[in-house]
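Enquirer: Given the coordinates of chain D, assemble chain E onto it according to the supplied hints.
Number of protein chains: 2
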Amino acid sequence: MKPRNLKRIAFATSLGGLVTVSVAADLAPLPQPKFNTAMAEMGRFLFFDERLSGDAGLSCATCHNPQKGWSDGLPLSKGYPASEYFRNSPTLLNSGFKKRFMWDGRLDGADMGTLVRDMITEAHTMNMDGRLMQERLKQVPEYNAMWLKFRKDDINGMRVFNVVGEFVRSVNSKNAPIDRFLKGDQGALNGTQRAGYELFKGKAGCVACHNGPLGSDGNLHRTGVPENPAVTSEPLRHITMARYYATSGLPNYMMTHDDVGFQAISKNPKDRGKFATPSIRDLKYTAPYMHNGMLKTLDEVVDFYDKGGGSGAELKPLNLGDSEKRALVAFLESLSGDPVVVDKPKLPAYKVRAFGKN
Amino acid sequence: MKPRNLKRIAFATSLGGLVTVSVAADLAPLPQPKFNTAMAEMGRFLFFDERLSGDAGLSCATCHNPQKGWSDGLPLSKGYPASEYFRNSPTLLNSGFKKRFMWDGRLDGADMGTLVRDMITEAHTMNMDGRLMQERLKQVPEYNAMWLKFRKDDINGMRVFNVVGEFVRSVNSKNAPIDRFLKGDQGALNGTQRAGYELFKGKAGCVACHNGPLGSDGNLHRTGVPENPAVTSEPLRHITMARYYATSGLPNYMMTHDDVGFQAISKNPKDRGKFATPSIRDLKYTAPYMHNGMLKTLDEVVDFYDKGGGSGAELKPLNLGDSEKRALVAFLESLSGDPVVVDKPKLPAYKVRAFGKN
Numbered sequence: 001m002k003p004r005n006l007k008r009i010a011f012a013t014s015l016g017g018l019v020t021v022s023v024a025a026d027l028a029p030l031p032q033p034k035f036n037t038a039m040a041e042m043g044r045f046l047f048f049d050e051r052l053s054g055d056a057g058l059s060c061a062t063c064h065n066p067q068k069g070w071s072d073g074l075p076l077s078k079g080y081p082a083s084e085y086f087r088n089s090p091t092l093l094n095s096g097f098k099k100r101f102m103w104d105g106r107l108d109g110a111d112m113g114t115l116v117r118d119m120i121t122e123a124h125t126m127n128m129d130g131r132l133m134q135e136r137l138k139q140v141p142e143y144n145a146m147w148l149k150f151r152k153d154d155i156n157g158m159r160v161f162n163v164v165g166e167f168v169r170s171v172n173s174k175n176a177p178i179d180r181f182l183k184g185d186q187g188a189l190n191g192t193q194r195a196g197y198e199l200f201k202g203k204a205g206c207v208a209c210h211n212g213p214l215g216s217d218g219n220l221h222r223t224g225v226p227e228n229p230a231v232t233s234e235p236l237r238h239i240t241m242a243r244y245y246a247t248s249g250l251p252n253y254m255m256t257h258d259d260v261g262f263q264a265i266s267k268n269p270k271d272r273g274k275f276a277t278p279s280i281r282d283l284k285y286t287a288p289y290m291h292n293g294m295l296k297t298l299d300e301v302v303d304f305y306d307k308g309g310g311s312g313a314e315l316k317p318l319n320l321g322d323s324e325k326r327a328l329v330a331f332l333e334s335l336s337g338d339p340v341v342v343d344k345p346k347l348p349a350y351k352v353r354a355f356g357k358n
Numbered sequence: 359m360k361p362r363n364l365k366r367i368a369f370a371t372s373l374g375g376l377v378t379v380s381v382a383a384d385l386a387p388l389p390q391p392k393f394n395t396a397m398a399e400m401g402r403f404l405f406f407d408e409r410l411s412g413d414a415g416l417s418c419a420t421c422h423n424p425q426k427g428w429s430d431g432l433p434l435s436k437g438y439p440a441s442e443y444f445r446n447s448p449t450l451l452n453s454g455f456k457k458r459f460m461w462d463g464r465l466d467g468a469d470m471g472t473l474v475r476d477m478i479t480e481a482h483t484m485n486m487d488g489r490l491m492q493e494r495l496k497q498v499p500e501y502n503a504m505w506l507k508f509r510k511d512d513i514n515g516m517r518v519f520n521v522v523g524e525f526v527r528s529v530n531s532k533n534a535p536i537d538r539f540l541k542g543d544q545g546a547l548n549g550t551q552r553a554g555y556e557l558f559k560g561k562a563g564c565v566a567c568h569n570g571p572l573g574s575d576g577n578l579h580r581t582g583v584p585e586n587p588a589v590t591s592e593p594l595r596h597i598t599m600a601r602y603y604a605t606s607g608l609p610n611y612m613m614t615h616d617d618v619g620f621q622a623i624s625k626n627p628k629d630r631g632k633f634a635t636p637s638i639r640d641l642k643y644t645a646p647y648m649h650n651g652m653l654k655t656l657d658e659v660v661d662f663y664d665k666g667g668g669s670g671a672e673l674k675p676l677n678l679g680d681s682e683k684r685a686l687v688a689f690l691e692s693l694s695g696d697p698v699v700v701d702k703p704k705l706p707a708y709k710v711r712a713f714g715k716n
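Taken in sequence, the protein lines are chains D and E.
Take the first sequence: its position 121, counted from the start at 1, is 121 in the working numbering, and no numbers get skipped.
Just remember that the working numbering sits 358 ahead of the position in the second sequence, which is counted from 1.
So here's chain D without its partners, still in its complex pose (with noise of 0.2 Å):
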């Protein structure tokens, strides 16, 4: 992908008159992330309390653990129990910042509250009950404390969504050399880096859906990644789709047995094989990559794009020389903060609600 290809961000001021400025797409700082402390405090807890989930067996952080990148290091998620999921767990770092939620771009950035909900009471994952979570909280003494700390009402079911959005809100990356390089320390990246950042904005065009604070578009795009052959061969996942499928109301579902992406959302034949744009933030933390874990490591990556990725993708091949290819490896590794660990705290203990001290 050449750079006249760019996707172009239009920026208009009106200082002294109206003036439109086009500038290349590119990198930028993350911004400071805004977030309620209470509430994110409480959903601390509730982000590792395991009894979120039906069977109180795992928590958010089963599948999004800050021990591995806030993700589960594996290529297909497993999911609840007796599913397994078919497509990769996604960091959570810099969710606050994404545009689009899921893989296939399902879910409005701007509405982490839905985004928690489905993850919570989707059959496949959590597949809790709100209406259960509501009550499981309630009887907890701690959480209601928490919970007065910010609102002045009972725990509301609907309502917990968001304490456990504002906590993923709070997770963000740190210290990453290319937010001080972008800053101005040019010393943050070194020569070999700073070369593959050239080649990220120019030769390898890859700033044309990697860009702004996360390096994410927030935009779907076909990269022809390789259907990972566990989602047709292994019946969990295969049903765990065909459910999906069903559930997303995607026509004839029964005959389609690989990952349609976007298609499963938009209806549209033109959409099919279309992904959201991940974050490249933090992935010396987040392997396997793709929406299916199908590349293992960054130079998989690089060489998947070098190719013009893989079959029907909206790519065209790179030409890049093996140190190129390095460069480029050595500044995606800087796009990696210090690992964002946060500890599962001691969970308080069930206690049953007093008769006339409700």
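Some hints could be false.
For lysine-lysine, the following DSSO-like pairs were computed, each having C-alpha atoms within a straight-line distance of at most 30 Å [as the list claims (entries may be wrong)]:
# : chain 1 : residue 1 : chain 2 : residue 2
1 : E       : 625       : D       : 351
2 : D       : 78        : E       : 436
3 : D       : 183       : D       : 78
4 : E       : 561       : E       : 674
5 : E       : 642       : D       : 296
6 : E       : 704       : D       : 78
7 : E       : 642       : E       : 702
8 : E       : 436       : D       : 346
Hints were generated in silico from the structure; no laboratory data involved.
Expert: Chain E only, in chain D's frame:
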């Protein structure tokens, strides 16, 4: 309760004009069950198939175990992992003839499909998603073949519930002495049992509520069974009850720590503590008794009614002598037939549906 208080059933006959005859309530022989054989056969597999629960860990038979009188032998049912239920698991025997389902009479006896749906999908029981269930079953070739024996479409979530219901309809008491006796075989009950039957219909007045083929009027009554203390002392049971009340819309439910029975459905405070009259068939296999398993033996049950029930009961003391109590228990035992045992079938395995063969 005196015979004069007995509920009377009016029969209208048009033979030779319009004549209305009032007759005292009585037991009646069990009718022949009606069901679709092919549906019931598929339902037999599904009844035992753990894949109908969210985590594939329990089946209908877990709480309605043929080896335990189609119940579970526990005072309070366990329910789904990380839940503990707050009522007794009733036997499924003869459910096709019930006028109401659930201890609080929540469901109409004519609607077996909804009963099965609730049990399979409720968070406390099998916590299953109907769409996931459908996809799981579709990926079992043997189930597709069974389905095509009675329908010409794909396995459909909502209809699966009726299939399980059809099996339940096929599960009925057999060869109970009371049926032979009611059909004219005087020798089917011994002298003590016949004396017990007279007390049942007369001095003890049991027949007021325990009449018809099931020994149940299908109505709701307050007998004052004491609360099971586990419901308020064990958080998981208390949570389950609170969630149930939240779902049913019981006003101010967080102030309600006892089992209000039908009030949670009708919302009428006059219905507090009313529960559906259970069948008295096959009592031999279904201990412990009452909606919360608080009475362990039939002797305890007879003693309970002899005292006029518990606090707030609609009943009056019976003042039975010891030999009368023994006769009544002997009679109640004659209401049990041969054990109805159905073994778990060998369940067919998942197989991914192949492309182009759907």
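Enquirer: Run the structure past the numbered hints and jot down the numbers of the failing ones, going up.
Expert: Hints 3 and 5 contradicted; others consistent.
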